[in-house]
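Undergrad: If you're matching them up, the sequences are chains G, P, X and V in order.
Per numbering that gives the first Met the number 0, residue 0 is the first one in the first sequence, and the count goes up by one each step.
Per numbering that gives the first Met the number 0, residue 0 is the first one in the second sequence, and the count goes up by one each step.
Per numbering that gives the first Met the number 0, residue 0 is the first one in the third sequence, and the count goes up by one each step.
Per numbering that gives the first Met the number 0, residue 0 is the first one in the fourth sequence, and the count goes up by one each step.
Worth flagging that the hints you see were computed from the coordinates, not collected in a lab.
Computed from a predicted structure; not experimentally measured.
Keep in mind that the hints are not guaranteed to be accurate.
Unchecked claim - Here are the simulated lysine to aspartate or glutamate pairs, DMTMM-like style, with alpha carbons at most 20 angstroms apart: (1) V:62 x P:175; (2) P:335 x G:35; (3) V:3 x V:71; (4) X:39 x V:70; (5) P:368 x P:26; (6) V:39 x X:44; (7) P:740 x G:170.
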Amino acid sequence: MKFAVLQFPGSNCDQDCVHVLRSVFGYPTRLLWHKEYSVGDADAVIIPGGFSYGDYLRTGSIARFSPVMGAVKEFADNGGLVLGICNGFQILCEAGLLPGALIRNRSLQFRCEHVYLQVASHNSPFTGQIPEDKNLRIPIAHGEGNYFCDDETLQSLEDNDQVLFQYVDAEGDLTDHANPNGSRANIAGICNEKRNVGGMMPHPERASEAILGGDDGRLIFQSLITALKNQPTLA
Amino acid sequence: MPSDPAITPELVAEHNLTPEEYEGILELLGREPNYTELGIFSVMWSEHCSYKNTRALLKGFPTQSPRVLVAAGEENAGILDIGDDLAISFKIESHNHPSAVEPFQGAATGVGGIIRDIFTMGARPVCAINSLRFGELSNPDVRRLFRGVVSGIAHYGNCFGIPTVGGEVYFDKSYEGNPLVNAFALGVLRHDQIARGAAKGVGNPVFYVGPATGRDGLAGAAFASQDLTEESAEHQRGAVQVGDPFMEKLCMEACLELLATGAVAGIQDMGAAGLTCSTCETAARGGTGIEIDLAKVPQRSPDMTPYEILLSESQERMLIIIEQGREEEVKRIFDKWDLPWAEIGNVTGTGQMVVKNHGQMVVDLPASKLADDAPIYHREATEPKYLAAVRAFTLEGIDDLDDPTAALGKLLKWPTIASKNWVYRQYDHMVRANTMVNPGSDAAVIRIKADSIPGAGNSKDGNGDFPEKILALAVDCNATHVYLDPFEGAKAAVAECARNLACSGATPIGSTDNLNFGNPHNPELFWQLKESVRGLAEGCAAFDAPVTGGNVSLYNQNPEGAIDPTPTMAMVGLIEDAAHVTTQWFKDEGDAIILLGEPLDAEDALHGLGGSAFLQVLHDQKTGTPSRCNLETERTLGTTLLGLIQSGLVKGAHDCAEGGLAVALAECCFSELEGRNTPRFIGAEIDLSKLKSERLDALLFGETLGRIVITTSELDSVKAVERAKLMGVPARRIGTVGEVKGAALKIKSTTGEWSWEVARLHDLWWNSIDNAMA
Amino acid sequence: MKAKVIITPKRAVLDPQGKTVQTALEHMGCSGVSDVRIGKYIEIEMDGDRETVEAKLSEYADKFLANPNIEDYRLVFED
Amino acid sequence: MKAKVIITPKRAVLDPQGKTVQTALEHMGCSGVSDVRIGKYIEIEMDGDRETVEAKLSEYADKFLANPNIEDYRLVFED
Ligand SMILES: Nc1ncnc2c1ncn2[C@@H]1O[C@H](COP(=O)(O)OP(=O)(O)O)[C@@H](O)[C@H]1O
Ligand SMILES: [Mg+2]
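In isolation and in its complexed conformation, chain G is listed as follows (with noise of 0.2 angstroms):
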């Protein structure tokens, strides 16, 4: 199992991803820079975080037109699962792969604090290993994740089971106090139609060892891993 972590002008959460995937999980893990036109033998794409093009104009704005995110259309087309963690969940929105935005955050400063989750669905291969009354624990850092669609996409996300975590707070309980950036529905992440495609504004990739102070993250990615051994073309 293969994965690819894209590398864009600004990214730097990359080889955060790579160290999870590689050293903690010991899979075979590679950059992928912007500029390619392929994803190759992966078989799964991670977009990190970070600052792709300083953020400039909209985040994730710019990023989505470099060559390598044409690849990872078509890898995503073609069934492949794509992980975006905030600004690859930005970039995900932006490219049109996930429906919505994410602006401002209402506070209008930049939040970098742990969050509580509770998933919404477990029904994708970015939650399916999460076990059922788990609330996982992991931090964000970001000043435009507020996620914002308009109603009837609001509908159709939760019709679709699509939305994969909300922010809550201690006690689980869905509260506006929880909500550390205005999202709506406390959205913290969502997937494609088809299940294929998520996006999540917390760092899975930080909170994946013990020795950073907690290791919720993990399950994300066994869940990434899980699903990817379950696919019918993967031997």
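Place chains P, X and V with the ligands on chain G using the hints.
TA: Showing chains P, X and V with the ligands alone in chain G's frame:
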């Protein structure tokens, strides 16, 4: 092109050069400088670049140890060995005046500048910290500066992708209008990756990389070396420098990639005095000369004069000297990263810094004289008059407390003591997935893993048997104490750093300092500087933490007078084993609370209340001789604590600083947030009735140095106390960690017993700055 | 020629920056402000006559400069 | 009434955002772009006649809405 103005005494003065200095230039050149050359001397001989007022003092710093690979002053930053062929490079630098004028961009470019210093050494920057000073938050203009500075640091660091893992913030009237912004960065490299800022190899081509040069921050170095007045802020020549962290991130990646090819003969960032400083310093270090043609330098506007191009401080630019014949590598790598580059000249053997414009000579100066022969001044120093009153202060008029209940709340709410979460939650402190202890404990702790080394992260194989390292970082300076006693206060700043490192389980290995002072021509202010440097030097020597580099920022004043003397000290330590990483908060109910160190200094007539937060907050008095700093005691305290931590006895450790023992205990009751809006509290029952003290206020809030609160399991408590005593450190059990449910801090003394709801104290402490900024 | 692209947040989209500025204005004593919306103002210097520039810019505004999910835009030409 | 505050980066000041967008446009095949500068566009709905609004807004633009160190602004009134 308009012709250059004639050199008149007025023009010389405008360039901040004294008539004597101008005489020196005439002598050095044997002729009159032209206008551009005058500009060059003005920046190269400014305090910022030449340290002309402080160089003599700085000689007193300890700069050597077996770990030192590159010592202070040799290069852009020092380098220390951390074992297994690995090394670190770190440095602190100020951006005070630019931040006063334009807080957001000033602070942002300050972070950018220090990061450049680090990757110029060949190291990959892996973390940042900062030290900030502002006026009081009740002043709306102070809030504007504070907000701007913090978001500027956040903007640059977050976007660049460097975790800002710690820092300090103080609020005091003396910084009104003249905030201090000291930024620190640390990078990692292998021994064989050390890069040099020297122009080696006659004939080697000189490259300029990075964005085009504009009229940004013209003569900023000179500006930093003037008193900050309304006028100088208004008339700062040139445009405000705007930082582009995205560009810098690319520039760093490209430079590290280029360095790995072995094609680089020398590399230097363009910081203060941009092209001027980088060309003449590289030539001076290389013992060579350098010749460039300005026509080849990328420019943002078509009509820039040589003077402007040479003195511009446009950001994110580097000067790189390439081994002849390997020019293609620069082209390949910088094109890959879509970065502008230009070949602008070459290394010569003449010893001269020669600048041409379209082939026409504009500057011809002896490089090493320009870089190294700036005048050196031994300024007059006289003890300030205010110190007589400080020393005369007694506690006579200060009634002791009957009930400390309200006082503790007031102190915790005081912005200087209150939680700085409003600040650090805006910083990405976890990017790079290395941060083991986040902001909020005594020191930040990060691990160094394979992808921290330049080049290693890109290798195809896993990280293998990479020997992970763990580092701790702290930055400290109680400038009130320095103001009241510069020598002792400076020593105390070093001791506090060392204590904070010890509390996190680390042994100090090196330090870097930022001297923020007023006008050195004022003998009283110069005395503060001189005494502080002496204190820092003694302190660093005592902890075997050689100074590997630093920065001087003088002329920090507002119309009311100078800032409190602020010799900011940052220290780095090594932690041997992940199991030794220790945080400040209480861990489990029933644990024993032990105080290491003498509760009160018997020889201190003020019992630790001199210059204390308590006197400032509750009695509105900023005076009194502060607690003495006994370096020998502090050193023993540190090694003893480390010994206890390494033998697995210690569950938590927190030193006593501003606000004294009571504030330290309260802080131990608040752990780091578990999650958003989710604090974790734990109570404590403290019995101080066995401690001899004439005054309750001194016992609870006095700032006697050399004290650390630790916790151990009940089972280990006797052993810990005995071991400490055996090492010569006073130690006594003072209480027990209490319940989580309805957590309360209870303190008993000979005169009474008081109880505080931890949640309530936490609210005052946690939300104070938030509320002030709302 | 010089063209301007004015990008404004869609009515239905929450504009946190606009809201914050509005509140700040009130706090500063600037009364009577009932709405603030903050968008972008892009000035582009570009070769070609008005028609070509307009065609090109519409294309790039549609697909890149503005995000139709959350923003509206209009082009402005002067002198 | 409705007023607009148009805020643009000063000429002499670097506009990294504009530069990045300019390069991006080129890479996307939008040729002939020689300059891009990105500023802000603020729409304010406010009580009062044109004169009062103008006076007020100038004051707040100077001290709050624009950053005089790096930005210029102008007020625009329409209908
Ligand atoms: N400017 C800042 N940036 C990041 N973290 C900060 C800043 N100021 C304070 N902190 C963090 O808040 C905590 C408390 O700081 P401080 O009160 O200075 O502690 P101490 O007295 O132990 O030195 C530390 O963990 C520190 O790193
Ligand atoms: Mg401390």
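Undergrad: Going through the earlier hints one by one, which of them does the structure break, listed in rising order?
TA: Violated hints: none; all satisfied.
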